[in-house]
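Participant: Single-letter residue listing:
2 protein chains.
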Amino acid sequence: MSNCLVAQSGGPSSVINATVAGVVKANQLNPVYDTVYGGLNGIEGILNERLVDLTHMSENENRILRQTPSSALGSCRYKLKRENVQDFEKLIQVMEKYDIETLFYTGGNDSMDTVAALSEYAAAKGITNRRFVGCPKTVDNDLMVTDHCPGFASAAKFIATTAMQTWLDVNVYTRQEVFVLETMGRDAGWLAASSCLSGIVDLVVLPEQPFNKEVFLAEVKKCIEEKNKCYVVVSEGVRYADGTYLAAGEAKNDGFGHAILGGAGNAIKNLILETGTASRCKVQDLSTAQRCHASEQSLVDVEESFKLGMSAHMRSMDKAFTGKMVGVKRKDTAEYDVEFFATDASNVANHVKNFPAEWILPNYRGISDAAYSYLRPLIQGEPVIIMENGIPAYVKPYYMR
Amino acid sequence: MSNCLVAQSGGPSSVINATVAGVVKANQLNPVYDTVYGGLNGIEGILNERLVDLTHMSENENRILRQTPSSALGSCRYKLKRENVQDFEKLIQVMEKYDIETLFYTGGNDSMDTVAALSEYAAAKGITNRRFVGCPKTVDNDLMVTDHCPGFASAAKFIATTAMQTWLDVNVYTRQEVFVLETMGRDAGWLAASSCLSGIVDLVVLPEQPFNKEVFLAEVKKCIEEKNKCYVVVSEGVRYADGTYLAAGEAKNDGFGHAILGGAGNAIKNLILETGTASRCKVQDLSTAQRCHASEQSLVDVEESFKLGMSAHMRSMDKAFTGKMVGVKRKDTAEYDVEFFATDASNVANHVKNFPAEWILPNYRGISDAAYSYLRPLIQGEPVIIMENGIPAYVKPYYMR
Chain A
1 MSNCLVAQSG GPSSVINATV AGVVKANQLN PVYDTVYGGL NGIEGILNER LVDLTHMSEN
61 ENRILRQTPS SALGSCRYKL KRENVQDFEK LIQVMEKYDI ETLFYTGGND SMDTVAALSE
121 YAAAKGITNR RFVGCPKTVD NDLMVTDHCP GFASAAKFIA TTAMQTWLDV NVYTRQEVFV
181 LETMGRDAGW LAASSCLSGI VDLVVLPEQP FNKEVFLAEV KKCIEEKNKC YVVVSEGVRY
241 ADGTYLAAGE AKNDGFGHAI LGGAGNAIKN LILETGTASR CKVQDLSTAQ RCHASEQSLV
301 DVEESFKLGM SAHMRSMDKA FTGKMVGVKR KDTAEYDVEF FATDASNVAN HVKNFPAEWI
361 LPNYRGISDA AYSYLRPLIQ GEPVIIMENG IPAYVKPYYM R
Chain B
1 MSNCLVAQSG GPSSVINATV AGVVKANQLN PVYDTVYGGL NGIEGILNER LVDLTHMSEN
61 ENRILRQTPS SALGSCRYKL KRENVQDFEK LIQVMEKYDI ETLFYTGGND SMDTVAALSE
121 YAAAKGITNR RFVGCPKTVD NDLMVTDHCP GFASAAKFIA TTAMQTWLDV NVYTRQEVFV
181 LETMGRDAGW LAASSCLSGI VDLVVLPEQP FNKEVFLAEV KKCIEEKNKC YVVVSEGVRY
241 ADGTYLAAGE AKNDGFGHAI LGGAGNAIKN LILETGTASR CKVQDLSTAQ RCHASEQSLV
301 DVEESFKLGM SAHMRSMDKA FTGKMVGVKR KDTAEYDVEF FATDASNVAN HVKNFPAEWI
361 LPNYRGISDA AYSYLRPLIQ GEPVIIMENG IPAYVKPYYM R
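As they're listed, the protein sequences go chains A and B. Letter 132 of the first sequence, counting from 1, is numbered 132 in full-length UniProt numbering, and no numbers are missing. Letter 273 of the second sequence, counting from 1, is numbered 273 in full-length UniProt numbering, and no numbers are missing.
Just chain A, with the same shape it has in the complex (with noise of 0.2 Å):
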């Protein structure tokens, strides 16, 4: 027998943590491995050896895991590069050190690409006995293959809950004015999106789409002669057609070569206010709320993170099992469903799903029908939350004890 190794990366999400509550169940179910290790901060912790235990974590403490937002492991945007030799080695002599077998690592675009590397890796070296798998996360739904990614749903579900509960604020006055939710979405508009499922969005703006300021404005005068009021939501990742963001002028970069965005939602204020189109907008930017929110965590979302785990865990018993990513596919029938699948990591790193542009109607005035079947199952139902003294119950993060 052997050992096995779950870590997360990447930024943290409402769900993540259910699909380690899923690896660790399925091994309390059937023992393949003999100790389930947690790897504290994603890769860069696993380089130094900072393991903790989690095979016998009880089924209060799994319950409560499922619930818990963020990456109670811990997490890191440290990447795996091929040129880094040293990185490689120093990953498997931990393996070998501690017997790990499979590492099942949680995470986005780029960590798949680590799944892909780590299992090239260990293929060049005719490593046999160290397996990579990879469980797809990500609030921003871009990941290629999978129908959608774990996380996606429950920040969609809060986004389009907020966006109705302040379109119901900013309607009780009487006076013009004009809302505008940002969402996150660097690259793909699923989140700003999904706001849409509140049936209350005028306007939405994508990074699918360049953005042109005169339809746009033209638009937005639409809405405000017409009623007084526009509701506009808008992704963070909003660019002109020469490439530049509509938040450029708060650009910056984080290491990964990603631009951090922030303050689209403050340029369209800026721009409805300089030129006239209404006299008064507010902006609520959901930061990072969206991606933790797990108090209204969407149901579907949730089990399937937790499906997801286990289906990574009993996959992994098979010995040629590697350099793969569990995704999710929708079954073809009338009732919501889904089946687990697995991929080659290598066809999801570095990739992005973007919103489908025949799903975008024209003038931002919202989304397709095709796009409300696809998004509407996701957001359905609500898990029981076990609460504390008035607010959710949490496990303590493993990388604080």
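Identical copies look the same in the list; a pair holds intra-copy or inter-copy alike.
Derived lysine-lysine pairs resembling DSSO-like cross-links, with alpha carbons at most 27 Å apart:
no., residue 1, residue 2
1, Lys396, Lys229
2, Lys79, Lys282
3, Lys396, Lys282
4, Lys396, Lys222
5, Lys221, Lys282
6, Lys221, Lys396
7, Lys229, Lys282
8, Lys79, Lys229
9, Lys79, Lys227
10, Lys329, Lys353
11, Lys396, Lys227
Just so you know, these hints were derived from the structure itself, not from any lab.
Put chain B on the given structure of chain A with help from the hints.
Facilitator: For chain B alone, kept in the frame of chain A given last:
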């Protein structure tokens, strides 16, 4: 028999509609009034005879109304000024025309001043059959006499939960980082202070104390040295000793003589980065969401708000009941419980109840045990929220029908 009228004023909350639901339900249990009118957009709409009939609201609609955030009747910031006698005359005319004996008015300081002014006017004119009753609501919790204000606790619960969740998010990376959560609270720090219920807040900055830059930055530095992180909560209304707002650059005026704030979080961020106290700082401004995030109402709050409306209606059977506000008094029992009482609206009008100085720990290090004892019972319990297609079911605002 005669009729009554219920209307809403000021900034909305997550449970303000429950008071309206309580007035309507009390009249169904004991039809003291023939018709329960709803006045649209507060005094502003009443002066223009914009009324709806709420008398026969179904139990199902009543239940959904209780979970609907913001003012379902619409709100206004129109203030009856004592020198504008024609407004008072017009209002009495409207009440006469529709045979309205009692006006129930929900709101904050300004609304209680309206109640006081109207009852004084009626008394001065010898009008005895038009009565005025105030129902407190404000997320700011800054009304005198009442133990607390309906609306505050649900916002406090959302803020404490969001603090916990974003703290879990900011801790996942090992990098040095300060997180700043900005809450509402122009003059009173109740909302910012309630973030401490999460148990994770390092530093909380309230408007009750002049901001001392040096002391604050020294405390941030201590946190960074100790754990490389610092979690800060700041109220929008924080001022320097000379009275200028931290967010001074962005301060405007709402026409009531109140400054419109926003940006205290960014002011703190700039301070921290400019002085090199920490290398990274993220700000989340909870903005509008904190006062309308009704999907996580406090059960205590929504039930008290409903009962307060019932109590106001029931007390109004007394023909001498006018110029009063119905408040909440905490019983002196081990188990949290309240009783409702009435006070003159003039006792409440235009005063502000600050967060007690003796509840503030030195050096921004949180709040006292007495503060926790006051706050904790208010955020307990969660109502069952009726959902529809993945998001909460809400009534269509009456002003849109």
